[in-house]
Amino acid sequence: MSATMALVFGIMAVLPLFVGGTAHMMHILIMCLIWAVVASCWDLIMGFAGIFSFGQVAFFVIGAYASAIFSIQLGIHPLAAMVLAGLVTAAAGVLVGLPCMRLKGAYIALVTFAVHMILEPFLKSGMGRALGTGGTRGILTIPPMELFGITFAADNKIAVFYAALALAVICSAIIMLVIRSSWGTAFLALKDSQDFAASLGVSAFKYKLAVFALTSFLTGLVGGFYAHYIGMLSTRLLGIDLFVMLMIMLVLGGIGQFPGAILGAIMTVIGNEMLAPLGAYRPLVLGALVVVLVLLLPDGIMGLLRSLVPHKVAEQVRQG
Amino acid sequence: MLKTTDLNAYYDQFHVLHQVSCEVHEGEVVLMLGPNGHGKSTLLKSICGLVHKVDGAIVYKGEAITRLSTEKLVNRGIIYIAENRELFGEMTVLENLKLGAYSRNARKAEKKNLARVFELFPRLATRKKQLASTMSGGEARMLAIARGLMSNADFLCIDEPSLGLQPNLRIEVFNIIREINRQGKTILLVEQNIPQIAELAGRIYVLEEGCITFEGTPEAAAREERLKEIFLGM
Amino acid sequence: MKKLGLFILICSAIVMGTISAHAADVIKVGVPLAMTGPYTDTGDNYWKGIKMAIDEINAAGGLLGKQLDPVRFDTQEFAPERVMQGADYLCGQEKVDSVHAGWAGWGQDVRAYGKYTAPFFADDGSQAAVDVFREDPKKYANIFQLTDTDINQATSMFNVLMALPHDYPNKKVVIINADDAWGMGVGDTLEANFKKEGWEVALREVVPYGTREWGSIMTRVRRIKPAIIHVEIVSAPEVITFFRQFMRTPTPSILSYGYSIVPREVVQTMGKEADGLIGEVPTAMPTPEAPTPEAQAWVERFTGIWKHQPQAGSWAAYSGVKAWAAAVVAVGDEKNHAAVAKHISTEGYKGETGWWKWDEDNVMRGGGDVPFGHYQVQNGEMVTIFTDPPVKPYKDYKFITPRWIK
Amino acid sequence: MILEYLDVFISGLTNGSVYALMAVGLTLVYGVSKAFNFAYGSFYSLGGYFAWVLMVLVGLWGGYIVVFALAVPFLMGFGFVTEKLIIAPLRKRSDWEVKVMMITLGLALFMDNGFQVLFGPRMKSLPPLMEGAVSLGDIYIANQDIMIFVLSVSGILAFRWVLNNTRIGMAVRAVAQNPAGAKIVGIPKNRIFAATFGISTVMVGVGGILLAQKYFVSPMGGWDILVKSWVITAFGGMGSIRGGLLAAFILGMLEAFVGYWFGLSWVLFALFAVLLTTLAIRPQGLMGKWG
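Chains as they are written, first to last, in my numbering: chain A, -18 to 301; chain B, 8 to 241; chain C, -19 to 386; chain D, 7 to 297.
So here's chain A without its partners, still in its complex pose:
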């Protein structure tokens, strides 16, 4: 697991040597890293913890708005705002997680997706505007992060890239540690059978809430990073496009196949750009691709790799 991650991030780290001069390419690489974290968090909650949470994009947007609002309204340093935003998002995650504790499958999906659905009207409403969301206009001026005399703004993409890389490495490492820890085992037990897990003394309640808190914290943190990088926010993030893209990342990488989600994110972002010449046919092809991938590669790229590489090596990869 860690070897794959090291390789992926290692390759990512040297890519600016080749495309560092092209803002467009750097932007794509940065978005790869940002979505990699968001998709990994989703994988942790859905693939490992087995909770059908559909609120991932909502948490991302909550984090982004929170960080922007903290840095603008309170005038605090964007880094502090990001961490605060992470905490706010974690709180939101716990809040959403609580009613989900008693629910099953498609109901959890609905409740979490409801958060997604309601977020847009909320951000646009009077309440949202009072908080500083800018209503329907969005927030068009968000201060960039400045650290050690470097400005991590949209016109300094190489700096942003390495900051994003550092963030992605840290977040992925946390996710990996969680999966390998006793938590990971508990999740597996929970996924197999709630009753069985209970007999082992695993408290479903505690772990599920904890995974909601952790994934939303990381997602919110990255959302904050996104806000300060792009420098503007609008509710258009909540369209169906991003949601579907994230889902494709997960399908492509393999659900519950961490670090497959990272690979999935990178391939989806890049693949989506490569399909751009198709114009209106792009989403058509994407949709068909999802169908074919789920049928032919049910465990995603990661599953394919594991079946390609001899079993022992795969085991090593998994063990790290």
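There could be a bad hint or two in this list.
[As the list claims (entries may be wrong)] Each pair of labels, with its calculated beta carbon distance range: (1) A:ARG83 - B:ASP62: 42 to 52 Å; (2) C:ASN150 - D:PHE268: 22 to 32 Å; (3) B:ALA227 - A:LYS187: 53 to 63 Å.
Treat the hints as calculated values from the structure; they're not laboratory data.
Even for Gly, the Cβ is constructed at its ideal location relative to N, Cα and C.
Please build the complex by placing chains B, C and D on the supplied structure of chain A, with the hints as guidance.
For chains B, C and D alone, coordinates are given in the frame of chain A:
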């Protein structure tokens, strides 16, 4: 009538049945004995197409039926009557019985079978409109057997029909099985309450750790020291 | 593991391979529009105008002897990073010499394209975009708006409503708008204007897109019996269902649809049924008879190519391309972005209806030769009844009292 | 005042009948096969486009009766084949539920954009099913709405009758209640799954035609339908048709009255507030059962 040759069955990674060969002749009641978890139910389910991974040969009335789907088997007259009954709880007794006659083979005989079943189980006749989930254990067991009979099957695989029943109800169930057999049905029976059931059986197989370890008449089985444990252990 | 590494290398190689060399004798023109998703419809309107302008220029021998080569980019749903990516792709990587958009991000686009120098034409119609521009007019000198802001358009709608040759039975108005930036901007402005004139805003409803059942609003409308109902939702199904449900038991109210009259389906679907509705289009080509022979010829060319009447946005986007081309010819160098932009903002451009002049905010303000058009549906077609500012009747076309007002 | 409430009440009924029609198919598939269909909204659009192609593009004679007569077998076949092709193969996997959600989401993306490429991004309209209105004093009820109400309620009742009184309907209920038991008695479970999917496609597709003549068809128009059906299904209890019916009319009323008292922008908040409260008290919905 039915013959298995070198039958193997698997659940996921677990190899449950090993090279099982057994035979049931027309009109016979064959009793399958053995400790719990050694593959008796799996054998019945393998015959009835309810186990995904099976190899070896099953021949029924001279035709190979290995890996045929359950609905085809039911249509050919093989029915499984489950130990845990598997009734449709939110439906009435009558609906359960009608669903028992779902296969094409059973549909044409539905009326006749319904009359016969109500004759066999007069208590069901009085409770046609009752929901299956509200029935007592004994009644539900009767309903499960009755539903199996509705399939117009010639070959009944009955899985532990007396499980969880009080002694007097057990006797009733066994009497009914005897009556069914008398009416011409062939029965492969998995049971653990030997003393009462043994007299029903024409022959006995013993299945241990997925292998057949004994075959013979009840009298022969009773003479086997080794099997006494199984007999009395129940 | 090796296979994985190889795979990633191949992927990145393919990506880098897409940066291919281009011939030097073309001028690349960026066209970021919604090609997929819910905004596809408007994107299509703009594209038809832009394509027509580019084809005309190319057919006439190109610009400075070079052919124009449109590079399209799908802005999808205008998520912030998507808007930025469009700018990075078109200006940063493809190095286009001008960008022609329509709806482009309502302020987000100004930020994204302001980082580059290529002249950028948008049809945002949004005060938010102007506010961003004003933060740093020098930096954003390449940003041009083809239409006036929501605030000014709404004020124009209000002025025309007040100027209608119609006796309002009372001073009550109902305002219904969509919950997007445009709808809110128009709704807020109208509300303020009506209140200032001593009207009662008896009902102000903000509704989400996708609303099809208006029963609960109609109940209240029937009680209020307002003199004016203004609906501002730029989406055909919403406004058509509203109209049909209103017509079951109509109140004697002027139905003002503002910019929501624009989706072609409104007139196409309802035909004469829609007679009486009024609406507004900025940077509009007046119909059925254009103000000048050149303009009339343009309408006929457009109809000839695309087989339908031009819709709002087509002409604005077309004119954006032509204005830029004229400036390039005047400057003599398409690469001198600053000079081209300066020429556009100082000299303007002479189009089919007359002069286009951008103001100090690089906004094409309504008025002069390119006024706001105010329409009424008559006999199943949109007819210009007023232009503004100043509010004056257009040619001989007259407002007709809607049939539901006795 | 009373008249106004009556007016709003009628809007609520109209909403409710539309929602009921939308949601029954979704709850059916979930109840029988536990498969959650994200492409449900696209099937709705499919129905609308099917009718548009026949009536407007081809100009078929015979009106809606012929369209419905052709739509039912078409939609049934479409749903059946879709299930066989993309959902049945996933059933063997332990994590098939989430896989089904994803594959149907992919299908939705494919279909919606397919509609856009084929028919263009602009909305299409169909001729009205019925014109005119009934007036009762100051209250007007459009014949169109009456037709929708009558057709959808009778459609659902007919469907319930089929479920309760026919062999195939009983088999569908049997699979929903006890898949293992259904298999034992020789009900071809996989065919029932596919058939249910087909029936649900018919329900939503015919609903699409019925509503398209009032609300129009557009490529992305199905998402609203999906979300609303989903809310109704969960509210009423996934898998419970009676619960779905009840939920549809409760939510239809809620929408009408919240819209009347507070404004349409509060409807969504109210909808989810009611849903969350219900689920907090009864996690299985109004009439749902676990499992």
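Hint-by-hint comparison with the structure:
| no. | hint | verdict |
| --- | --- | --- |
| 1 | A:ARG83 - B:ASP62: 42 to 52 Å | 44 Å, holds |
| 2 | C:ASN150 - D:PHE268: 22 to 32 Å | 25 Å, holds |
| 3 | B:ALA227 - A:LYS187: 53 to 63 Å | 59 Å, holds |
Of the numbered hints stated above, none is contradicted by the structure.
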